[in-house]
Amino acid sequence: MDWGKVTYIFFSLMSLTTTAGFIYEPNAVALFLAAGVNVISTILKIGVKNLLAAELLASSLVADLHLIPAFMVLTFIGDERMAIALAIGAVVANLFSIALALIESAKSQDKDDY
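In my numbering, the protein residues as written are 803 to 916.
Keep in mind that the hints are not guaranteed to be accurate.
Simulated pairs of lysine to any residue, SDA-like, Cα-Cα distance not exceeding 25 Å [to be verified]:
id	residue 1	residue 2
1	K851	L902
2	K851	L904
3	K807	F898
4	K807	G880
5	K909	A856
6	K851	V864
7	K851	I900
8	K807	A856
9	K807	E857
10	K909	L859
11	K909	T809
12	K807	L904
13	K807	V893
14	K807	V894
15	K807	L863
16	K851	M803
17	K807	V864
18	K909	A855
19	K807	L846
20	K909	M816
21	K851	V894
22	K807	I905
23	K851	L863
24	K851	A908
25	K909	I870
26	K909	V850
In short, the hints are calculated from the structure, not lab data. The structure presented is a predicted model; accordingly, all values stated were derived computationally and were not measured.
Make the full structure from the sequences, and use the hints.
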């Protein structure tokens with residue numbers, strides 16, 4: 803088992819679920835946790851060397867660039883609706899990232915079969 807892959811998939815899923823949790827119950831603490839977990843996920847994806855590594859990193863950066871401004875909007879401006887809208891964008895980016903990881907896993911299993 804590739805523990806590096808397990809770790810970055812774990813943090814990808816954790817980022818998705820904590821962001822979804824913020825959308826369900828919007829508060830600054832939940833959004834801060836979602837952004838923090840997503841930044842960790844992004845950092846872990848920097849070291850990934852596989853076929854879709856660039857796409858995985860790009861999708862994680864997109865989620866970062868939604869969650870960090872969402873936290874700032876919620877904290878400094880107090881616009882909850884805008885923060886939720888940005889968080890929804892991060893959820894879409896994280897879903898894309900998970901889909902890429904699943905495709906990558908399927909491709910690597912195909913290679914192992916030959």
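Verification of the supplied hints:
no.	hint	in the structure
1	K851 x L902	14 Å, holds
2	K851 x L904	15 Å, holds
3	K807 x F898	17 Å, holds
4	K807 x G880	37 Å, violated
5	K909 x A856	16 Å, holds
6	K851 x V864	19 Å, holds
7	K851 x I900	16 Å, holds
8	K807 x A856	15 Å, holds
9	K807 x E857	15 Å, holds
10	K909 x L859	18 Å, holds
11	K909 x T809	19 Å, holds
12	K807 x L904	11 Å, holds
13	K807 x V893	21 Å, holds
14	K807 x V894	21 Å, holds
15	K807 x L863	18 Å, holds
16	K851 x M803	16 Å, holds
17	K807 x V864	20 Å, holds
18	K909 x A855	13 Å, holds
19	K807 x L846	9 Å, holds
20	K909 x M816	23 Å, holds
21	K851 x V894	23 Å, holds
22	K807 x I905	13 Å, holds
23	K851 x L863	17 Å, holds
24	K851 x A908	16 Å, holds
25	K909 x I870	33 Å, violated
26	K909 x V850	15 Å, holds
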